[in-house]
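Visitor: Listed here are the chains, written in short residue letters.
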Amino acid sequence: MILDSKIPEGPLAEKWDKHKFNVKLVNPANKRKYDVIVVGTGLAGASAAATLGELGYNVKAFCYQDSPRRAHSIAAQGGINAAKNYQNDGDSVHRLFYDTIKGGDYRAREANVYRLAQVSVNIIDQCVAQGVPFAREYGGLLANRSFGGAQVSRTFYARGQTGQQLLLGAYSALNRQIAYGKVKMYPRTEMLDLVMVDGKARGIVTRNLVTGAIESHSAHAVILATGGYGNVFFLSTNAMGSNTTAIWRAHKKGALFANPCFTQIHPTCIPVSGGHQSKLTLMSESLRNDGRVWVPKAVGDNRIASEIPEDERDYFLERKYPSFGNLVPRDVASRNAKLACDEGRGVGTTKLAVYLDFADAIKREGLNAISQKYGNLFEMYEKITGENPYEQPMRIYPAVHYTMGGLWVDYNLMTTIPGLYATGECNFSDHGANRLGASALMQGLADGYFVIPYTIGDYLAQNPTTRVETSHPAFKEAEQAVRADVDRLLSINGNRTVDDFHKALGLLMWDYCGMARNAEGLQYAKQEIRKLREDFWKDVKILGTNEELNVTLEKAGRVADFLELGELMVDDALNRNESCGGHFREEYQTPENEALRDDENYAYVAAWEYSGPNQQQVLHKEDLKFENVKLTQRSYK
Amino acid sequence: MNLTLKVWRQRNSQAAGKLETYQVKDISPEMSFLEMMDVLNEDLLRGGVDPIAFDHDCREGICGMCSLYINGRAHGPERGTTTCQLHMRKFSDGDTITIEPWRAGPFPILKDLCVDRSALDRIQQAGGYVSINTGGVPDANEIPIPKLIADKAFDAATCIGCGACVAACKNSSAMLFTSAKISQLALLPQGKVERKTRVENMVAQMDIEGFGACSNIGACAAECPVGISLENIAMMNREYVSAKFTSENV
Chain A
26 MILDSKIPEG
36 PLAEKWDKHK
46 FNVKLVNPAN
56 KRKYDVIVVG
66 TGLAGASAAA
76 TLGELGYNVK
86 AFCYQDSPRR
96 AHSIAAQGGI
106 NAAKNYQNDG
116 DSVHRLFYDT
126 IKGGDYRARE
136 ANVYRLAQVS
146 VNIIDQCVAQ
156 GVPFAREYGG
166 LLANRSFGGA
176 QVSRTFYARG
186 QTGQQLLLGA
196 YSALNRQIAY
206 GKVKMYPRTE
216 MLDLVMVDGK
226 ARGIVTRNLV
236 TGAIESHSAH
246 AVILATGGYG
256 NVFFLSTNAM
266 GSNTTAIWRA
276 HKKGALFANP
286 CFTQIHPTCI
296 PVSGGHQSKL
306 TLMSESLRND
316 GRVWVPKAVG
326 DNRIASEIPE
336 DERDYFLERK
346 YPSFGNLVPR
356 DVASRNAKLA
366 CDEGRGVGTT
376 KLAVYLDFAD
386 AIKREGLNAI
396 SQKYGNLFEM
406 YEKITGENPY
416 EQPMRIYPAV
426 HYTMGGLWVD
436 YNLMTTIPGL
446 YATGECNFSD
456 HGANRLGASA
466 LMQGLADGYF
476 VIPYTIGDYL
486 AQNPTTRVET
496 SHPAFKEAEQ
506 AVRADVDRLL
516 SINGNRTVDD
526 FHKALGLLMW
536 DYCGMARNAE
546 GLQYAKQEIR
556 KLREDFWKDV
566 KILGTNEELN
576 VTLEKAGRVA
586 DFLELGELMV
596 DDALNRNESC
606 GGHFREEYQT
616 PENEALRDDE
626 NYAYVAAWEY
636 SGPNQQQVLH
646 KEDLKFENVK
656 LTQRSYK
Chain B
273 MNLTLKVWRQ
283 RNSQAAGKLE
293 TYQVKDISPE
303 MSFLEMMDVL
313 NEDLLRGGVD
323 PIAFDHDCRE
333 GICGMCSLYI
343 NGRAHGPERG
353 TTTCQLHMRK
363 FSDGDTITIE
373 PWRAGPFPIL
383 KDLCVDRSAL
393 DRIQQAGGYV
403 SINTGGVPDA
413 NEIPIPKLIA
423 DKAFDAATCI
433 GCGACVAACK
443 NSSAMLFTSA
453 KISQLALLPQ
463 GKVERKTRVE
473 NMVAQMDIEG
483 FGACSNIGAC
493 AAECPVGISL
503 ENIAMMNREY
513 VSAKFTSENV
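Which chain is which? The protein sequence lines are A and B, in order. Each number in my numbering corresponds to the 1-based position in the first sequence with 25 added. Each number in my numbering corresponds to the 1-based position in the second sequence with 272 added.
If you are wondering where the hints come from, they were derived from the structure by calculation, not from laboratory data. One thing to keep in mind: the hints can contain errors.
Stated by the list, open to error - List of simulated lysine-lysine pairs, DSBU-like, C-alpha gap at most 35 Å:
#1 A:Lys56 - A:Lys376
#2 B:Lys362 - A:Lys207
#3 B:Lys516 - A:Lys528
#4 B:Lys297 - A:Lys566
#5 A:Lys56 - B:Lys424
#6 A:Lys209 - B:Lys516
#7 A:Lys376 - B:Lys516
#8 A:Lys556 - B:Lys297
#9 A:Lys56 - B:Lys468
#10 A:Lys209 - B:Lys278
#11 A:Lys376 - B:Lys297
#12 B:Lys297 - A:Lys207
#13 B:Lys464 - A:Lys398
#14 B:Lys424 - A:Lys398
#15 A:Lys209 - B:Lys468
#16 A:Lys528 - B:Lys424
#17 A:Lys566 - B:Lys424
#18 A:Lys388 - B:Lys362
#19 A:Lys662 - A:Lys278
#20 A:Lys528 - B:Lys278
#21 A:Lys376 - A:Lys322
#22 A:Lys528 - A:Lys278
#23 B:Lys290 - A:Lys566
#24 B:Lys424 - A:Lys207
#25 B:Lys424 - A:Lys388
#26 B:Lys464 - A:Lys45
#27 A:Lys388 - A:Lys58
#28 A:Lys563 - B:Lys468
#29 A:Lys566 - B:Lys362
#30 A:Lys345 - A:Lys650
Take the sequences, apply the hints, and build the full model.
Guide: If you want it as structure tokens, here you go:
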């Protein structure tokens, strides 16, 4: 298989404009003859569904939650980047492009990233026009703050609830189209299979989560916008329902899965407190604008923070990276926190935490100013830990946050299945091996508002308007397969709960394919995941029937897919004999413990092809060409 | 700690429901309320009893999916807190806790503690947006907004749509929820163009869905997990009256 990225010819800065001119158009009167399915209604899905509805296509949108407003994009705290240069501090499209390529450790496509930087400015305009209440200066203009991996202030924000406000903006645009009848919304509905006719994506099979009804939906194209698969680790900052099922089932139908092992570990999460824990909560990276990260200099120093004098503290990020300080990118900050804890200098009862200290900022700016900036985050921290971060430093530790891997897509965001698109976090593009802060919201909205509406038209214009009825054998076959899967799960009637299996998988993934990996551990994990998967299909316990609201059944289907994806992540990590961004292979590091890339052999996208149950997947490579940036060892010193 | 839980069980919207009593043991004060429910559900499942269905997703207090009437209070005893952010350190060993679903006519029960809140989405669909298409909008800084106004709009915009206001109201009124969106958009220049039709259509939709009128008791704001203010209801009423006198609904 040849992976054709379809990157347009010509100079970087002109590729997107040229491409927009070259794509085929669907004339306005014909748009209503095309149906498009959008699965997932977070930033990428809601914005795509709304925009395609505005253009005149008939859209069906699906989400597993009770309302599109619950999508996990809503939980993003810190902000969204845009190369507006409103601060006059030297920002530009090219600088945002450069920062993002470098931040991703040179494992992203230049053309995609440049387009992202270009449309970033339109996103802010769009959101403001919708009534998104971004933070403002007293003069009435928009305010900005800075985020990790950048030396300019380009992040737009709405207190610590930026994701919420952006999602509600997209949700309102979606609502408008629902009211107009251009989008039909299916909440509490889960996609369980992709339907292909003549080698093209022509629909999906869904399960109604309230009644269990298994139904088919036909369309001319399908867009997956289902977010990330970080819940493969069980503990992550993802919402409880975030899953891989839709993209995994598309993968099994032939969509290649790219860079599955690239997981972003976010450095500032509230540490794990015990075995009961169901999820982890992130504290926005923006806190590192004012918070200082430190641990005691001495190993085994058990004194409380206030009793450790200034000269016995190690502000390790400021010490090692004087020019970026506490605002180094997430992979660097995470790895250094882990190093400090591995050395025995961690704090708190579990010793798996470092301090994030606001004492200096409060002294400098006053309690009120700090509360204005971060109040809701401080409250959230206090609710969860029972400690007051105004009086003692926060304790933070890295946690699984975002998955840079996902379905392989070309420049048009189309997967290797014609007519199947993937947008936002569920595709692999734009972030490379590490994602800089405030760039996920940017990509979700860029894809949905400004990329897919153009590129999908190109595909539809070249395909006939004839509809495939859901009585077509391909739909019946897919429905039967879904029913068989559900029946199989319900008939096992074993002894171990779904969560039991999920926790066991999560622990394996975290220990051997988490913040640091090595070949030996990965090989061990591969065997263990296979065993766990066998046990699952023999011993999982699910009660009840399909024809009801059955939360255990829902979870079981998702965990079954995680048990397969986990193995692929391990394979991918094992294949990549280098360290880059969120992928840190212990065998490959510089003398200063920084990630050691191997550009000669690994400057490619690893795209995996499914080859049957329990079969080794086949690796395909898309070589990454860097014509506009020079590949160098990343330095934030 | 060890607790006695009285939980509303109802197989589906047609079936009759009742409170069942369960015991949970060794609950750590560090757990969130929903983690305590997870522990109970794992026990029930192992014992062959159908686990309790309840709505939840982000568990960070922002998605608005969690609900639960806990000891007669929406989202439990702690002020300004969603159920997922309520922690067991707020309870004591030996407590009996009663857990029920949101109770309101427009929120039919789906199963156990899950209710259908799609009526709230339909209110938003009736006008809770600015009618602009994607692209072709002015530069963001061409719409300057005084910081005080932007902050006020933001305060209203933080509503998470959980429906606690409806559940807490004796009259099952959705006015706090609806007024939050109306205030946000009426305050901002972008929303002013459609302010009259918006308020009329959204209020009409509330009535169609069967929500009651404001009872002026203020339980909604008292139980709101994100502190949406009653001022929004006052603003909505003003918007509504002024729209009715000069209606642009045609």
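Visitor: Now, for every hint given, state plainly whether the structure supports it.
Guide: Quick rundown of the hints versus the structure:
no. : hint                : in the structure
1   : A:Lys56 - A:Lys376  : violated (59 Å)
2   : B:Lys362 - A:Lys207 : violated (47 Å)
3   : B:Lys516 - A:Lys528 : violated (57 Å)
4   : B:Lys297 - A:Lys566 : holds (22 Å)
5   : A:Lys56 - B:Lys424  : violated (40 Å)
6   : A:Lys209 - B:Lys516 : holds (31 Å)
7   : A:Lys376 - B:Lys516 : violated (63 Å)
8   : A:Lys556 - B:Lys297 : holds (32 Å)
9   : A:Lys56 - B:Lys468  : holds (32 Å)
10  : A:Lys209 - B:Lys278 : violated (39 Å)
11  : A:Lys376 - B:Lys297 : holds (27 Å)
12  : B:Lys297 - A:Lys207 : violated (51 Å)
13  : B:Lys464 - A:Lys398 : holds (28 Å)
14  : B:Lys424 - A:Lys398 : holds (15 Å)
15  : A:Lys209 - B:Lys468 : holds (26 Å)
16  : A:Lys528 - B:Lys424 : violated (43 Å)
17  : A:Lys566 - B:Lys424 : violated (50 Å)
18  : A:Lys388 - B:Lys362 : holds (32 Å)
19  : A:Lys662 - A:Lys278 : violated (45 Å)
20  : A:Lys528 - B:Lys278 : holds (28 Å)
21  : A:Lys376 - A:Lys322 : holds (14 Å)
22  : A:Lys528 - A:Lys278 : holds (28 Å)
23  : B:Lys290 - A:Lys566 : holds (26 Å)
24  : B:Lys424 - A:Lys207 : holds (33 Å)
25  : B:Lys424 - A:Lys388 : holds (28 Å)
26  : B:Lys464 - A:Lys45  : holds (34 Å)
27  : A:Lys388 - A:Lys58  : violated (63 Å)
28  : A:Lys563 - B:Lys468 : violated (61 Å)
29  : A:Lys566 - B:Lys362 : holds (33 Å)
30  : A:Lys345 - A:Lys650 : holds (31 Å)
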